[in-house]
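Chains as they are written, first to last, in numbering that gives the first Met the number 0: chain V, 0 to 491; chain Y, 0 to 446.
Because the hints were derived from the structure by calculation, they are not lab data. Mixed in with the good hints there might be a few duds.
Covered stretches of chain V (chain Y as the covering partner; in silico rule of three or more C-beta atoms under 8 angstroms from a C-beta of chain Y) [unchecked claim]:
no. : stretch
1   : 27-36
2   : 47-57
3   : 108-114
4   : 172-178
5   : 337-348
6   : 373-383
7   : 393-400
This one's a predicted model, so the numbers in the text were calculated from it and none came from an experiment. Where a beta carbon is used, it is the ideal one built from N, C-alpha and C, also for glycine.
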Amino acid sequence: MSKVNLALPEVKIREIRINSITGYQGDAEELVKASRCGLKDRERSFSQCMGCGTSKAACMVTLIQDAAVISHGPVGCASCLHEFSFTYRVNAPLRNLQHPTPRHIFSTNLKEKDTVYGGNIKLANAIREVYERTKANAIFVLTTCAAGIIGDDVESVCNEAEDELGIPVVAVFCEGFRSKVWTTGFDAGYHAIARKLITKPRQRRKDIINVINFWGSDVFSEWFAPFGAKPNYITPYSTVNGLKYASEAAATVQACSTLGSYLGAVLEQEFGVPEIPAAPPYGIAQTDRWFRALGKILGKEDVAEQIIKEKKEKYLPKIEALREKLKGKTAYVTAGAAHGHALLDVLGELGMKAVGAAIFHHDPIYDSGREENDQLAQRVSDYGNVPNFNVCNKQEFELVNALNRLRPDVLLARHGGMTLWGAKLGIPSLLIGDEHYSMGYEGLVNYGERLLEVIENDEFVKNLSKHAINPYTKWWMEQKPDYFLRGGAVNE
Amino acid sequence: MSRSGIIEQERYTCAIGALQSVVAIPRAVPILHSGPGCGEMIAGFFERSTGYAGGPTSPCTNFSEKEVVFGGINRLREIIKNTYKVLDTDLQVVLTGCTAGIVGDDVDSLVSEFAREGKPIVSVETAGFKANNFESHSLVVNAIIDQYVSLFESENEVKSQKNTVNLIASIPYQDPFWKGNLAEYKRLLAGIGLKANVLFGPESGGVKEWQKIPAAQFNVLVSPWYGKPIADHLKEKYGQEYVWFPHIPIGANATEQFLNQVLEFALKEGAEIDEASARSFIEYESKAYYEEIDNLATFLLEFRYGLPNHAHILHDAGYVVGLSKFLLHEVGIIPKEQFVTDGTPEKYQEAIRADLRSTSDKREIPLYFEPDAGKAQEFLRKIHHSGRGLIIGSGWDKELAKEKGYDFLSAAIPSPYRLVLTTHYAGFTGGLRVIEDIYHLVLSTYA
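This is chain V alone, in the form it adopts within the complex (with noise of 0.2 angstroms):
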């Protein structure tokens, strides 16, 4: 059955959409098993911050060029978006763009009256003063948990709105409240896009691949040029034209299949678009049967073989001396769902031993419903299993128990904040921000060269702990770090 309907303004969160979890304690092979017969999530009695969806839909339409973003709410609930507007400056040449214009980012600024008497009038005059200000050419309006309690009819504003400018004005439910797996955020901001616009159609294009993604380097246009195509980077650095057109695109592939999940199921069941049956190219198992499957979806396997052959000689020997050298090495990743267990395979392939991981949620199987797109099985199957595998909603303090038990060589993360914990304890921490930087061939060699300068650079991380300052207590860190969670040490 599908598990979209874009008849419907919100997105059905993860949690009840695909049976996604946040909390387990165990390993990874043992979480591949039960991903396939049923999945309980486990609450915790303790929690620090996690994050929300509103962030994470936000980060995907505030790097649309040519659009402006609303939050409606509190000020506060967009006071973390001049990241994405720092983000979109500094990566611009990685894009290739010369010319990045300001990020139009609102908040209607909802004051307390405004939750007693409703803020639609609010709304409506702010999404008409944002187009005055800006003629961006779509407005995305984000939902926050104050505009979502007070029941604001956040989807006829727009609606109305709409008609009104003859522009996309599009309502993205986003409220923090409404999901655990921040990751719904995202949904929620592909879910408006595919909803308001993506439109049908007109041709099937041969020379374009979708690429759903964050705004890594521009990896793929020399990957896709040997088919004949050219990748459309979905949503940052694209334009509301690109997005109504994805709708033609000869295949989507992914970056991060926790991130496009949705929306790649979206382009495929409303749009025609397939969605290729394999998970991002990280790891040399991975990347082959990627290729492979790429050249099969564009009838052009020959071309996927040879590409595969050429980078097999030029990158083999020089994976194998990173092999020889990191060999022995321990390593801990903490990231979101997909991307942990693309580092994990790096890990792998390099020859390095993963002990343990914190992954903030899990999701059994993606919404292709493909067991073929499952990265964490793939992992296991291709370089074995994983021991302490943590779910942990960005748990801090179960990633600092787990890190001051295990003792790994090196930490790897990919979400801020978590690298500081590993420093904290001595282990050198790498954060690497572009998720294109470990694909294929190529990454594993990037990947592995700067994981042995990190490891190899430990002076600063040994002073740091020498001197660093602790908030945990002594009993906590001789807990277990599933303490916390229902069906752990405690079940207060």
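Given chain V, work out where chain Y should sit, using these hints.
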């Protein structure tokens, strides 16, 4: 203000943003009874600011649909109880978000249960829609005074410590130079014979210092409007009078004025101060300052390749007025249109206008109260003054400065293009630092 009340490019955040005031107290921890995103939003706004246990380390009930429907008080009880197990802290301050505010959880009663057990814990209502963080800073401080400091009154007899003052000045993190400024105020006040409780940051004595708030002889408020409710509250609660300096003293003129004003007030309050030695401290500092200016004057007067001759500032009222006065009198850069982006309540605006007006008999410095900084930028986009311009503002303004071919100094948050650790802009040496910063960036544009 825009017609619809929208804010583009916000430079302050909502009430729960005052969790940063808790983070700024050594070994205090904010506990958030809020949606899951509030801590992340605030940490993202202030950047590099998680301190001892803020940002993602803060305990949080992470409101889900269940708590919205059934209330979250039991969840909060559980989180507080377990906070004591996991985190080693001296003071816990429970702050509520919009969700808790709307569903109406009785947080105060719950928190007082823990307080009755002897836990150092305080609750404050900070639903985002109630206030902005400039205002809620005072709510947080007053809540700590009422619910925690007041428990120590018997050991700290009201106004018993002569020459000790509570300083109410820079808002932690919202003022990017807060740490350095507080340290500098402390040093300056010590120079005239006063011991200052600065309450926040490494120069404070943590909760022990907070406990001694009632014992201070009087208080010093350095602010155009924010923080005033704290001074008023202390006056009412402990009878502590306060001396009020209405903008940030930057450079020699304002710092001399500030110190003289405080000194005279202290003497009137009966502080035991050696006036001559206090005056000679001010004189010494001022002399050292002018020695630098004297040396620099040739550069300021003669640099042949172009320096900024006028400036626009987008900042809170304390900086807009403080920097305008400083630039005009002590640097020779003319302040043109200025924008106060802190959401100043109307009742304070006239006094701030008057303060800025007093800067010069010769010229009017146009002043706009505009929390919607996108609108302020639109205004700046359309005006033109001859000569090289300078914008002092937040990271948001860097693109505008580039567009207009102006120099740009990042001095307000959010400030992704600049790192500030313990640098200060207040005081004599703070003024010198402003000069260093401006001309460092100007000179780095050459060759």
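Verification of the supplied hints:
1. 27-36: Contact hint for the stretch 27-36 of chain V vs chain Y: violated, 0 residues under 8 angstroms.
2. 47-57: holds (count 8)
3. 108-114: Satisfied; 6 residues make the cut.
4. 172-178: Holds: 5 residues of the stretch 172-178 of chain V have a Cβ under 8 angstroms from chain Y.
5. 337-348: Coverage by chain Y is violated here, the residue count being 0 at a Cβ distance below 8 angstroms.
6. 373-383: Our answer is that it is violated, as 0 residues pass the Cβ test (under 8 angstroms) against chain Y, missing three.
7. 393-400: holds (count 3)
Violated hints, in rising order: 1, 5, 6; the structure is consistent with all others.
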